[in-house]
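If you want the building blocks of each chain, they are given just below.
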Amino acid sequence: MEGKKTPLYEEHIKAGGKMVDFCSWLLPIQYPAGIVKEHIHTRTAVSLFDVSHMGEILVEGPGAYDFVQYLVTNDISKIKDGRAVYSPFCYENGTCVDDLLVYPYLNGNILLVVNAANVEKDYAWISKNAPEGVSVKNVSDQWAQLALQGPEAAKVMTACGMDEVNRLGFFGAGFYTFCGASCIISKTGYTGERGFEIYLPPEKAAEAWRLLLKKGAVPAGLGARDTLRFEACLPLYGHEISEEITPLEAGLQYFVKPEKNFIGRDAMLGKPNARKQIGLEFLGRGIPRAGFEVYVNGERAGYVTTGSPSPSTGKALALAIVEGDSPKDGDYTIMVRGKLEPAKIVSTPFYKKNK
Amino acid sequence: MSKVLEGLYYSNEHEWVRLEGDVGYIGISDHAQEALGDIVYVDPGAEGAVLAKGDTAAVLESVKAASDVYTPVSGTVTAVNSELINAPERINQDAYGNYIFAVKLSDLSELSGLMDASAYEAFCQGEH
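So the sequences go chain by chain: A and B. Just so you know, the first sequence maps onto residues 946 to 1300 in our numbering. Just so you know, the second sequence maps onto residues 33 to 160 in our numbering.
Derived from the structure by calculation, the hints contain no laboratory data. Heads up, a few of these hints could be off.
What the hints assert, rightly or not - Within a straight-line C-alpha distance of at most 30 angstroms, the following computed BS3-like cross-link-like pairs (lysine-lysine) qualify: (1) Lys1297(A) / Lys1273(A); (2) Lys35(B) / Lys963(A); (3) Lys1221(A) / Lys1284(A); (4) Lys1073(A) / Lys1023(A); (5) Lys982(A) / Lys959(A); (6) Lys982(A) / Lys35(B); (7) Lys1221(A) / Lys1100(A); (8) Lys35(B) / Lys1284(A); (9) Lys1025(A) / Lys982(A); (10) Lys982(A) / Lys1160(A); (11) Lys959(A) / Lys35(B); (12) Lys1297(A) / Lys982(A); (13) Lys959(A) / Lys1221(A); (14) Lys85(B) / Lys1273(A); (15) Lys1073(A) / Lys963(A).
Stated by the list, open to error - Selected chain A positions facing chain B (in silico; Cβ < 10 angstroms): (16) Ala1169; (17) Gly1231; (18) Ala1261; (19) Arg1282; (20) Leu1285.
Claimed, not checked - Facing chain B, according to a computed beta carbon distance under 8 angstroms, are these residues of chain A, among others: (21) Gln975; (22) Gly979; (23) Ile980; (24) Val981; (25) Arg1230; (26) Ile1232; (27) Ser1253; (28) Pro1254; (29) Thr1258; (30) Pro1294.
Ideal Cβ placement from N, Cα and C applies to all residues, glycine included.
Use the sequences and the hints to build the structure in full.
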């Protein structure tokens, strides 16, 4: 199989990872335990994910803050308090370029963490829009990334001698020394569980991986990463958000601050007949999948953006984008293998941690 | 290494046939269940369905994708393993011990077009 290897490739092979091509990276979709067990283990204990394929873009210069504030839809002022900020960012027409995390970096500079699928596109877009005096660098190959996720994540960090990160608030971020290297650690994640994302030099990644496993984490792959984020109703680019979907249509209103100016603001807010996101519990035969058509009261209303079995709820669930006026109490069906199968609207997120 | 059981007929779509008289009990191989990953849904098909060799007889859904199960032989479905509906994971646990559907063969000569255990084992190796 062809593809780029992360610094953890040999560790995945050692652990019996079933490798797949993901955005031209070789990563494990699962290990021998399987997606369902890895998913449940993340919700009940703690899992370790290799997410080194994510991209990192460094924005530097005295105008960096104002530029990023204009680039993204959310208010980034919390980075001044040592917090990471989640935000979509948009084209002039209000649809999504990608979503990302904004991190406070050194000397007032800013590190943006973007999706693997969009690194080149994002880097080109951000560079193109940066004003004079702001430099934009693709530093993705300077960073490996691990995600430690689950209720036991804090215990593992303590066991690694990193108890200080447990004092971070939700989305808190900072520089720490881990495995003898300067790392960024944030209390963030893509699973709906408590945990940490660790950004570290690639040459330290394998050592950190082995240490975290020794202290109790269990490896989990991309398959579980997707079912976990889906249950938590976290968007995936190319599904819930895309070049054809605005953040508002994707249910991301909370991360859009219309009181400030940002690229795509007017178009997004002025969009006539905007669509909306709904959550559906599937009651029929099979499993609803991305792209399957959604009907309400017999009329086509939209399509599934992500559909999957949900290991934590035992149900088959779907997120869908539908016409904005689709009635909540309508009769929803999903076209599966040529037949309209029953579904019903349920509230999102499908899974919420009892904190 | 996935298990390959002696005494069964195998198709190049990774189904196995266990012949009992003129009824073939059909499931998927250990290689196939491993490739699919966790199976979360089974539609074992319908009793009485008249199938031609190669028709879709049943549907499996793993976490990531749907997978058709084809019948390697023509005939009428005499039984479906409805226990799998509430326990789809049994196929992962024991691929050969859990048939999915059974077909009363209309043409026993079709069996000669299927592989025996060693031919199937070689077939699986060749696929990599």
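Task: Unmet hints by their number, sorted upward, for this structure - done: Going through the list in order, the structure violates hints 7, 8, 9, 13, 14, 15, 20, 29 and 30 and respects the others.
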